[in-house]
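Trainee: Take a look at the letters that make up each chain.
Protein chains: 2
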Amino acid sequence: MDIHALTRELQVKNDSKIVMLVADGLGGLPMQPGGKTELETAKKPNLDALAKIGVQGASLPVCPGIAPGSGPGHLGLFGYDPIQYVIGRGALEATGIGFAMQPGDVAARGNYCTLDANGLISDRRAGRIASDESAPLAIKLREVKIPGVEVFVEPVKEHRFVVVFRAPGLAGNVKDTDPQAVGKAPLQALGLDAPSEKAAAIANEFIKQATKILAGHPKANGLTLRGFSGRPALPSYEEVYGLRAGAIAVYPMYKGLAQLVGMKILGKAQTLNEQVDVMTQYWKDFDFFFLHYKYTDSTGEDGNFNEKVKKIEEFDAVLPRIQALNPTVLIVTGDHSTPSYLKAHSWHPVPTLLVSDCCRPDGHTTYGENTAIRGGLGQFEAKFLMTLALANAGRLQKYGA
Amino acid sequence: MDIHALTRELQVKNDSKIVMLVADGLGGLPMQPGGKTELETAKKPNLDALAKIGVQGASLPVCPGIAPGSGPGHLGLFGYDPIQYVIGRGALEATGIGFAMQPGDVAARGNYCTLDANGLISDRRAGRIASDESAPLAIKLREVKIPGVEVFVEPVKEHRFVVVFRAPGLAGNVKDTDPQAVGKAPLQALGLDAPSEKAAAIANEFIKQATKILAGHPKANGLTLRGFSGRPALPSYEEVYGLRAGAIAVYPMYKGLAQLVGMKILGKAQTLNEQVDVMTQYWKDFDFFFLHYKYTDSTGEDGNFNEKVKKIEEFDAVLPRIQALNPTVLIVTGDHSTPSYLKAHSWHPVPTLLVSDCCRPDGHTTYGENTAIRGGLGQFEAKFLMTLALANAGRLQKYGA
Chain A
1 MDIHALTREL
11 QVKNDSKIVM
21 LVADGLGGLP
31 MQPGGKTELE
41 TAKKPNLDAL
51 AKIGVQGASL
61 PVCPGIAPGS
71 GPGHLGLFGY
81 DPIQYVIGRG
91 ALEATGIGFA
101 MQPGDVAARG
111 NYCTLDANGL
121 ISDRRAGRIA
131 SDESAPLAIK
141 LREVKIPGVE
151 VFVEPVKEHR
161 FVVVFRAPGL
171 AGNVKDTDPQ
181 AVGKAPLQAL
191 GLDAPSEKAA
201 AIANEFIKQA
211 TKILAGHPKA
221 NGLTLRGFSG
231 RPALPSYEEV
241 YGLRAGAIAV
251 YPMYKGLAQL
261 VGMKILGKAQ
271 TLNEQVDVMT
281 QYWKDFDFFF
291 LHYKYTDSTG
301 EDGNFNEKVK
311 KIEEFDAVLP
321 RIQALNPTVL
331 IVTGDHSTPS
341 YLKAHSWHPV
351 PTLLVSDCCR
361 PDGHTTYGEN
371 TAIRGGLGQF
381 EAKFLMTLAL
391 ANAGRLQKYG
401 A
Chain B
1 MDIHALTREL
11 QVKNDSKIVM
21 LVADGLGGLP
31 MQPGGKTELE
41 TAKKPNLDAL
51 AKIGVQGASL
61 PVCPGIAPGS
71 GPGHLGLFGY
81 DPIQYVIGRG
91 ALEATGIGFA
101 MQPGDVAARG
111 NYCTLDANGL
121 ISDRRAGRIA
131 SDESAPLAIK
141 LREVKIPGVE
151 VFVEPVKEHR
161 FVVVFRAPGL
171 AGNVKDTDPQ
181 AVGKAPLQAL
191 GLDAPSEKAA
201 AIANEFIKQA
211 TKILAGHPKA
221 NGLTLRGFSG
231 RPALPSYEEV
241 YGLRAGAIAV
251 YPMYKGLAQL
261 VGMKILGKAQ
271 TLNEQVDVMT
281 QYWKDFDFFF
291 LHYKYTDSTG
301 EDGNFNEKVK
311 KIEEFDAVLP
321 RIQALNPTVL
331 IVTGDHSTPS
341 YLKAHSWHPV
351 PTLLVSDCCR
361 PDGHTTYGEN
371 TAIRGGLGQF
381 EAKFLMTLAL
391 ANAGRLQKYG
401 A
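Protein chains in written order, with UniProt numbering: chain A, 1 to 401; chain B, 1 to 401.
Bound conformation, chain A alone:
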């Protein structure tokens, strides 16, 4: 089922404002049988007050049992089927460091490796070279010159970097050059169709020049490229929903994901309160605001239950400032669960809260995992959250006569 075929046909414009607050990895688990989750433990008077006038549901990021990464997790929330729309490894890596890929670009994730005297890989991660040692190498690799091609090299963490090739007529259907084993030489890049062959030839020339530049480095004297991919072809928010959308995020990954669906990146906020300042500043200029809050995920990944509780409480504290803007539709959700108990993204449905004057409240008085699964929105695939948002904002006509 193509949701966007519907929203393209049915969208109408009005003066409504939709705010989607994404607390990353929001859902959790109790630490012991009979216990409460992080969200259920947190003191969150503002969220609970919203629960009384809102409707809850349990959002499935992909399908039952599947834990998503940040990419598919956010695509779902943005209304893009996360199975249908796949962001390749290289494109996600570029997106994650804030590189704005253009249509036709091909990105790959690079690894520095150690080559022995025979050119065979002796360490696939260059001795896990430190970031401060590897970052200057990426800058040096910008010296590679290929006629007719723009080459962008960006450092990532430790042995990783990103390379993006920009030239007409490229595609990313290119095989990895990483042989996935030591004692073997890096492979040649191999394109699986004509435009990908062109990209592969460029990649091979890049590797040739780069290997010369790296020659003599004690650890990082070679490289492999993986996850070649173009910019995913995602239709824009403007087109599929008729929304002028702005994104207010601190971390590059979430800015990048928002950019892929055509959101404008707003401000340079570093704190939650600064993010709300930015929202306030741009309130008149946009129809839809995506605000990303990272720390519910990172504390969950650390397995720090108490700290995740605290981060939820800090999140709760800024809500009155957002409510004061009087959004037509206010949504609180997460891109997936990150239970401290598991120290990882999980498959558990995400407690999701939607407030509007016509949301049909479900009678719950608190917001949490156990109320969400019994909420008025039921269990629903995350990709339907945007149609719910549009409907509550009066931005969708009826379907059929």
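Some hints here could point you the wrong way.
Said to hold, decoys possible - In silico DSSO-like cross-links for lysine-lysine, where the CA-CA straight-line distance does not exceed 30 Å:
| no. | chain 1 | residue 1 | chain 2 | residue 2 |
| --- | --- | --- | --- | --- |
| 1 | A | 184 | B | 13 |
| 2 | A | 310 | B | 52 |
| 3 | B | 140 | B | 175 |
| 4 | B | 157 | A | 343 |
| 5 | B | 52 | A | 52 |
| 6 | B | 52 | A | 36 |
| 7 | B | 17 | A | 343 |
| 8 | A | 157 | A | 212 |
| 9 | A | 198 | A | 145 |
| 10 | B | 13 | B | 268 |
| 11 | A | 343 | B | 52 |
| 12 | B | 13 | A | 343 |
| 13 | A | 36 | B | 17 |
| 14 | A | 43 | B | 52 |
| 15 | B | 157 | B | 140 |
It is worth saying that the hints were derived from the structure and are not from the lab.
Using the hints provided, position chain B relative to the given structure of chain A.
Mentor: Below, chain B without anything else, positioned relative to chain A:
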């Protein structure tokens, strides 16, 4: 959406153990308005104790309103979309009597019929000939000899038998020979493509020789063949989930269904306690155990509410022995509902209970239809039960970065 594309990509191995207990036809109905179902009536202290630490949901075997047979019911539980994967009538009949079809085999369901002096069918079911009279006929039909073809004939109940043809290059796209009316002659088998034409020619030769063998029998002097079908091409548990799976069933049908997805048939248990003995014996050697319990279905089919209650109580009684094995994930479910009130398989969602250390308990304290529909797993298609099982066992990586 292809679930197995996901599970193939995301599966990881570990030492976890998954146990799926299938009480056939578990779901029920009250016998009068305001009454309780069989499951709600049963005294089931062990299931209720599991409900307190587990999570429930209502499993839809196919989709709302569709009552499945045993084939699609189990395929769903095993994670195979029951609409996408179809087991032909002949193949199901062969499977149901425990015949292990090989890829390339073509099976058909046979009916004995009565032919008049002109070779026209006067009784399509040979006077509903008794099983003890029809079984020896199947044995006699094994005398049919077709060069280059192995022919297997197996008795079923009353006027039914199964025939399987084994030869290179066969397919099951063959029309029934049953004219579906008395006063007509049996039809010739007709293949709808080249390999099916070959199977049809073999079937026609079989019919010719078989009719000679049956000649003179007062009731069963003819036959018709229906539901020609090959072995369904189901990818194996090992391949799609990375699981070494064992099946512990008493009835041939369920052993056969398990075999079709590559499970090993374990032991020769006749009672539930013997089934648990078998599970205990093989505990170290398998990652996944499917245990099938028939009597919740057969008592429901009989319309015997009290007896179904008793069978649920007997099922409950063996649970502590299974829990003592300490499975990582313990699932209790059914392949469909068989309400005594309807004396038949039904479409009602099946109360399903999943217990693991990270299942996110939903706060229910009993197990039943009314708690399941308000459970933490919500209403879900049965085909997602396996992804939930794998996730809870830590056997799935996250999807996308």
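Trainee: Take the hints in turn and mark each one as holding or not.
Mentor: The hints, checked one at a time:
1. Restraint check for residue 184/A and residue 13/B: satisfied, since their Cα atoms lie roughly 27 Å apart, inside the 30 Å limit.
2. As the CA atoms of residue 310/A and residue 52/B are separated by approximately 28 Å, the hinted pair is consistent with the 30 Å bound.
3. About 25 Å separates the Cα atoms of residue 140/B and residue 175/B, which keeps this hinted pair within 30 Å; it holds.
4. For the proposed pair residue 157/B and residue 343/A, the alpha carbon gap of about 56 Å is over 30 Å, so the pair is violated.
5. Our distance criterion of 30 Å between C-alpha atoms is met by residue 52/B and residue 52/A, whose separation comes to about 27 Å.
6. Restraint check for residue 52/B and residue 36/A: satisfied, since their Cα atoms lie roughly 14 Å apart, inside the 30 Å limit.
7. For the hint pairing residue 17/B with residue 343/A, the CA-to-CA distance comes to about 21 Å; that is within 30 Å, so the pair holds.
8. Between residue 157/A and residue 212/A the alpha-carbon distance is near 22 Å, which keeps this suggested pair within the 30 Å criterion.
9. Taking the CA atoms of residue 198/A and residue 145/A, the gap is near 16 Å; set against the 30 Å cutoff, the hint holds.
10. Between residue 13/B and residue 268/B the CA atoms are separated by roughly 29 Å; this keeps the pair inside 30 Å, and the hint holds.
11. Proximity of residue 343/A to residue 52/B is assessed by CA-CA distance (about 24 Å); at most 30 Å being required, the pair is judged to hold.
12. Restraint check for residue 13/B and residue 343/A: the C-alpha separation of about 19 Å stays at or below 30 Å, so the hint holds.
13. With a CA separation close to 26 Å, the supplied pair residue 36/A and residue 17/B stays within the 30 Å bound.
14. Using a Cα cut-off of 30 Å, the hinted pair residue 43/A and residue 52/B holds, with the two alpha carbons roughly 25 Å apart.
15. At roughly 16 Å between alpha-carbon atoms, residue 157/B and residue 140/B fall within 30 Å of each other, so this suggested pair holds.
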